[in-house]
Amino acid sequence: MESNSSIVESFKFFLAEIGELSYFTSCFFKEVFRPPFEFKEFLKQCYNMGNRSLLLVSVTGFIIGLVFTLQSRPTLLKFGAVSWMPSMVSISIIREMGPIITALICAGRIGSGIGAEIGSMRVNEQIDAMEVSGTNPFKYLVVTRILATTFMLPVLVFFGDTVAIFGSAIVENIKGNVSFLLYFNQVFDSLVFSDLIPTTIKTFFFGFAIGLVGCYKGYNCKKGTAGVGLAANSAVVYTSMLLFIIDFIAVFLTNIFYG
Amino acid sequence: MDTLNTKSNLIIDIKDLQKSFGNNHVLKGFNMKLYEGENLVIMGKSGSGKSVMIKCLIGLEEPDSGSIMVMGKYINQLEHWKLDELRTEIGFLFQGSALYDSMSVRENLEFPLRRHTKKFGIIEDTTPMVMEALESVGLSHAIDLMPSELSGGMKRRIALARTLILQPKIILYDEPTTGLDPITSKEIILLMMSIQKKYNTSSIIITHDVDCARVISNRMILLIDNINYAEGTFEELSSSDDPKIKAFFK
Numbered sequence: 001m002e003s004n005s006s007i008v009e010s011f012k013f014f015l016a017e018i019g020e021l022s023y024f025t026s027c028f029f030k031e032v033f034r035p036p037f038e039f040k041e042f043l044k045q046c047y048n049m050g051n052r053s054l055l056l057v058s059v060t061g062f063i064i065g066l067v068f069t070l071q072s073r074p075t076l077l078k079f080g081a082v083s084w085m086p087s088m089v090s091i092s093i094i095r096e097m098g099p100i101i102t103a104l105i106c107a108g109r110i111g112s113g114i115g116a117e118i119g120s121m122r123v124n125e126q127i128d129a130m131e132v133s134g135t136n137p138f139k140y141l142v143v144t145r146i147l148a149t150t151f152m153l154p155v156l157v158f159f160g161d162t163v164a165i166f167g168s169a170i171v172e173n174i175k176g177n178v179s180f181l182l183y184f185n186q187v188f189d190s191l192v193f194s195d196l197i198p199t200t201i202k203t204f205f206f207g208f209a210i211g212l213v214g215c216y217k218g219y220n221c222k223k224g225t226a227g228v229g230l231a232a233n234s235a236v237v238y239t240s241m242l243l244f245i246i247d248f249i250a251v252f253l254t255n256i257f258y259g
Numbered sequence: 001m002d003t004l005n006t007k008s009n010l011i012i013d014i015k016d017l018q019k020s021f022g023n024n025h026v027l028k029g030f031n032m033k034l035y036e037g038e039n040l041v042i043m044g045k046s047g048s049g050k051s052v053m054i055k056c057l058i059g060l061e062e063p064d065s066g067s068i069m070v071m072g073k074y075i076n077q078l079e080h081w082k083l084d085e086l087r088t089e090i091g092f093l094f095q096g097s098a099l100y101d102s103m104s105v106r107e108n109l110e111f112p113l114r115r116h117t118k119k120f121g122i123i124e125d126t127t128p129m130v131m132e133a134l135e136s137v138g139l140s141h142a143i144d145l146m147p148s149e150l151s152g153g154m155k156r157r158i159a160l161a162r163t164l165i166l167q168p169k170i171i172l173y174d175e176p177t178t179g180l181d182p183i184t185s186k187e188i189i190l191l192m193m194s195i196q197k198k199y200n201t202s203s204i205i206i207t208h209d210v211d212c213a214r215v216i217s218n219r220m221i222l223l224i225d226n227i228n229y230a231e232g233t234f235e236e237l238s239s240s241d242d243p244k245i246k247a248f249f250k
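Those protein sequences? They're chains A and B, same order as listed.
Residue 214 in my numbering sits at position 214 of the first sequence, with consecutive numbering throughout.
Residue 200 in my numbering sits at position 200 of the second sequence, with consecutive numbering throughout.
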């Protein structure tokens, strides 16, 4: 009986969260087109999120390309299909692995950062201070950050994909004596337009989700330092879940339109 | 401070303000009037609803019932952009200063200024206004420092400068001397008095500090049992025989 009521309570909480997140999203769309525009803050956030994530995304991308090629090589050799390596690596990285792994990394780095930053501003009454000075904290803090993640994530994914393929090319160059020119020729031969468009669109949604959930959790942070920690933590958990859901929907739709 | 002789211009009028959080009735019919040029001190125990009242007054909390009139406008009937305009006439000094810690002192002061083009026009160079506000609090040398480089007293002064930069007619102080040493507290109190004289502002000061209340108040309200229990000058209240009132001045 007790466990039933706790399930009901959890379900109610889940529905309430969905409702509040939807309302938060509608507030974003209401504010994003209404002047004045905080362009300077938007650029600052783009720099913070893009430039400062570049190293992390590069290292991760490079290692993924490297490891993926090293792990797949023996199996492809067994089937005499090692010449398919550039095609296999590029398609799997560009279509799926690059976007989702970069997005997950950014959920951890950017999403938690936004949640903690806005959360601590809420706890220290800085958001209230903005509001009482007659400025719109939602526009300044939330809109700029969501826009920045939405536009920066595709750039980071593109960069991460490139580095990952480069990592794979290094392994092939060392292990299989394949020249970089040949490797990249095969990569570009195997890629078609329908590989790039859906995946690029998907990354905009990934970026939007990271910014939205981070801001939502921070903006509605409960009082106290524990609240800030919880905001940062739940921003990562919720965003990761949301990313997989978006990915599933994106793959499903891509199969319908391009399958 | 002497009692104000003229009470002609009413600028804040709160009637029957009620606010609850769940079953916790924080305000049970609070009434208050503030007149132009007056320093009104509100004292009460922790949890008596002082901060909630002041947040209702500035529109950060929505009251359950009652009316709040500020400079002739009922704030619960105002559209958001009109409330923002009215907020430029009301400064708020937060208990924890609430400086934006990712911005320098200069940026903290410029932040509200650049967004109120209707009141100030488009300002090409904000430096003179920033400097004037900083000079009013005696911290013009701190213009390029970050909040993390400031002491508690300096933060409170910078926060005061940030409220002054919008040239408000009313300043709300939420426990301005809490957490400061006695000397810095005294400096802040003197600063509040000099600002009131210089800018002719009206103030509501929420405090637990009896010394602060004695020095700065024209009139006081004691918030006890979630209502305004007693009202009068510091001398009147401090000489009361009521044990609930006496407890504040021991």
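Hints in this document: simulated from the structure, not taken from any laboratory.
You may find that some hints are simply not true.
Said to hold, decoys possible - Here are the in silico distance ranges between beta carbons for each label pair: (1) Thr200(A) with Gln18(B): 48 to 56 Å; (2) Ser67(B) with Phe244(A): 48 to 56 Å; (3) Arg214(B) with Ser22(A): 26 to 34 Å; (4) Asn9(B) with Asn233(A): 46 to 54 Å; (5) Ile18(A) with Ser240(B): 40 to 48 Å; (6) Glu9(A) with Asn31(B): 36 to 44 Å; (7) Leu15(A) with Asp242(B): 32 to 40 Å; (8) Lys222(A) with Glu107(B): 25 to 33 Å; (9) Pro128(B) with Asp195(A): 55 to 63 Å; (10) Phe14(A) with His25(B): 26 to 34 Å; (11) Met193(B) with Ala16(A): 23 to 31 Å.
Cβ coordinates follow ideal geometry from the N, Cα and C atoms, glycine included.
How the hints compare with the structure:
{"no.": "1", "hint": "Thr200(A) with Gln18(B): 48 to 56 Å", "in the structure": "holds, 54 Å"}
{"no.": "2", "hint": "Ser67(B) with Phe244(A): 48 to 56 Å", "in the structure": "holds, 50 Å"}
{"no.": "3", "hint": "Arg214(B) with Ser22(A): 26 to 34 Å", "in the structure": "violated, 52 Å"}
{"no.": "4", "hint": "Asn9(B) with Asn233(A): 46 to 54 Å", "in the structure": "holds, 52 Å"}
{"no.": "5", "hint": "Ile18(A) with Ser240(B): 40 to 48 Å", "in the structure": "violated, 55 Å"}
{"no.": "6", "hint": "Glu9(A) with Asn31(B): 36 to 44 Å", "in the structure": "holds, 40 Å"}
{"no.": "7", "hint": "Leu15(A) with Asp242(B): 32 to 40 Å", "in the structure": "violated, 51 Å"}
{"no.": "8", "hint": "Lys222(A) with Glu107(B): 25 to 33 Å", "in the structure": "holds, 28 Å"}
{"no.": "9", "hint": "Pro128(B) with Asp195(A): 55 to 63 Å", "in the structure": "holds, 58 Å"}
{"no.": "10", "hint": "Phe14(A) with His25(B): 26 to 34 Å", "in the structure": "holds, 31 Å"}
{"no.": "11", "hint": "Met193(B) with Ala16(A): 23 to 31 Å", "in the structure": "violated, 48 Å"}
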